[in-house]
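Spelled out from the first residue to the last, the chains are:
2 protein chains.
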Amino acid sequence: MPTLYHHPLCPHSRFVRLILAEYGIETTLVEERAAERRREFLTLDPAGKTPVLVDDDGTVVPGASVIVEYLEDCLPPDFRGLRLMPLGLHERIETRRLIEWFNVKFFDEVTNYLVMEKVYKRFLAPEIGGGAPDMDLLRVARANLRPHIRYIGYLTEARRWLAGESLTYADFAAAAHLSCVDYLGDVPWDEDETVKHWYQRIKSRPAFRPLLADRTPGMTPGPVYAELDF
Amino acid sequence: MPTLYHHPLCPHSRFVRLILAEYGIETTLVEERAAERRREFLTLDPAGKTPVLVDDDGTVVPGASVIVEYLEDCLPPDFRGLRLMPLGLHERIETRRLIEWFNVKFFDEVTNYLVMEKVYKRFLAPEIGGGAPDMDLLRVARANLRPHIRYIGYLTEARRWLAGESLTYADFAAAAHLSCVDYLGDVPWDEDETVKHWYQRIKSRPAFRPLLADRTPGMTPGPVYAELDF
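Those protein sequences? They're chains A and B, same order as listed.
FYI, UniProt numbering numbers position 54 of the first sequence as 54, with every residue one higher than the one before it.
FYI, UniProt numbering numbers position 141 of the second sequence as 141, with every residue one higher than the one before it.
Derived from the structure by calculation, the hints contain no laboratory data.
None of the values given here were measured: they were computed from a predicted structure.
Check the hints yourself; a few may be wrong.
Using C-beta positions, here's what the derived DEER-type ranges look like [to be verified]:
no.	chain 1	residue 1	chain 2	residue 2	range
1	B	E36	A	L138	25 to 33 Å
2	B	P223	A	L75	49 to 57 Å
3	B	R33	A	V224	40 to 48 Å
4	A	L87	B	R33	34 to 42 Å
5	A	G88	B	E36	27 to 35 Å
6	B	T216	A	A125	51 to 59 Å
7	A	E109	B	P2	25 to 33 Å
8	B	R142	A	D229	51 to 59 Å
9	A	M219	B	P217	49 to 57 Å
Taking lysine-lysine and the DSS-like style, the derived pairs with C-alpha atoms no more than 27 Å apart in a straight line are [to be verified]:
no.	chain 1	residue 1	chain 2	residue 2
10	A	K121	B	K121
11	A	K105	B	K196
12	B	K105	B	K196
13	B	K105	A	K105
14	A	K121	A	K105
15	B	K105	B	K121
16	A	K196	A	K105
For every residue, glycine included, the Cβ atom is placed at its ideal position computed from N, Cα and C.
All chains should be modelled from the sequences, with the hints used to inform the complete structure.
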């Protein structure tokens, strides 16, 4: 069974967990606090960031976007009836553009601030950056979130799924980040009905269940985190 | 002819320019100052970052890693005798890991600070972040650069090219970032002879010539920037 080094509230880890669950690939999960820079973890991946996938034959695949392309290289086409990377050239560009949008831009502007300030800093020793959340950064993240919600709304109004008419990796990237923000109770769900409906559809998929059951000790999830109808 | 929206000292743009030149794909270059958020540019790519490639048929491909996968999707295997994305599964992981290493980690830790502080801030109006460079950030970037040079040295001592025995996208990603830092005169070339020799080899390729001829108005390049033997 492959092993995934992850953190429960790392959005990139959640993205990979969702994908692996969609593909029905069972995985041993190992919780890694990347900021502690554990030597064995750095040996696996010198960048020292979650997620890192170690496949059955020992192949080490570090980072969400490298894992996506690895799965595309390895899995047969239409594996389990899914085609998360579309065949058409334009749809492929759009899928990859949106994976990048959420895993880099949304992360830099929203998820990274919220998860760092509200989650990671609680568990870190003061000498490596632990402490109370910086309220200014939380405000910045929440302000940055609003245009992103509008952008997801713009996409889901015009299309069934984010990158087009079919479900792709892009939906799972977006949903992974939103699910972290939702755990922290920071998604303004009332802002846009189409975003809510799109998220309800993806949240209702069986692959989402393990994430909705995740609980971080000492942190109660937001009020609608595990609700399919919210 | 395809069009590339780029900035001469944007490392991700340089990476794509090198790749296109290696493939012999002539491109119209349009200089874009992404921080000015020009409306027509944001219409092309809402993320508003260089590089953006517009292909002959109008296909818009935004961002270095999406451009790489687009080229891999479009070009015939062994195009121009090059195989910048290797065939072997492990070599593909390693190539993509290192593209990400330089385009994300090296960028966040080194190039972004140096280019933002020394270049972009000169051209920006004060109200959108222009001004004198922050010397503390320049010190951070230069300190962060040293372990990266050691890491490139570690790789090039064990291998002919960064990702293995053959030239890959990874070498161009690394060289693109180093060439920006070198323009600014900040690469400590004396630190590691193997790094210098690897860079000399890649810098001597014809694809590198246009970059070495680049001059940003008011900024003289570092003393060895255009020298092949330094």
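Verification of the supplied hints:
no.: 1; hint: B:E36 with A:L138: 25 to 33 Å; in the structure: holds (29 Å)
no.: 2; hint: B:P223 with A:L75: 49 to 57 Å; in the structure: holds (50 Å)
no.: 3; hint: B:R33 with A:V224: 40 to 48 Å; in the structure: holds (42 Å)
no.: 4; hint: A:L87 with B:R33: 34 to 42 Å; in the structure: holds (36 Å)
no.: 5; hint: A:G88 with B:E36: 27 to 35 Å; in the structure: holds (33 Å)
no.: 6; hint: B:T216 with A:A125: 51 to 59 Å; in the structure: violated (43 Å)
no.: 7; hint: A:E109 with B:P2: 25 to 33 Å; in the structure: holds (30 Å)
no.: 8; hint: B:R142 with A:D229: 51 to 59 Å; in the structure: holds (54 Å)
no.: 9; hint: A:M219 with B:P217: 49 to 57 Å; in the structure: holds (52 Å)
no.: 10; hint: A:K121 with B:K121; in the structure: violated (32 Å)
no.: 11; hint: A:K105 with B:K196; in the structure: violated (33 Å)
no.: 12; hint: B:K105 with B:K196; in the structure: holds (21 Å)
no.: 13; hint: B:K105 with A:K105; in the structure: holds (14 Å)
no.: 14; hint: A:K121 with A:K105; in the structure: holds (22 Å)
no.: 15; hint: B:K105 with B:K121; in the structure: holds (21 Å)
no.: 16; hint: A:K196 with A:K105; in the structure: holds (21 Å)
When the structure is compared with the earlier hints, violations turn up for hints 6, 10 and 11 and for no others.
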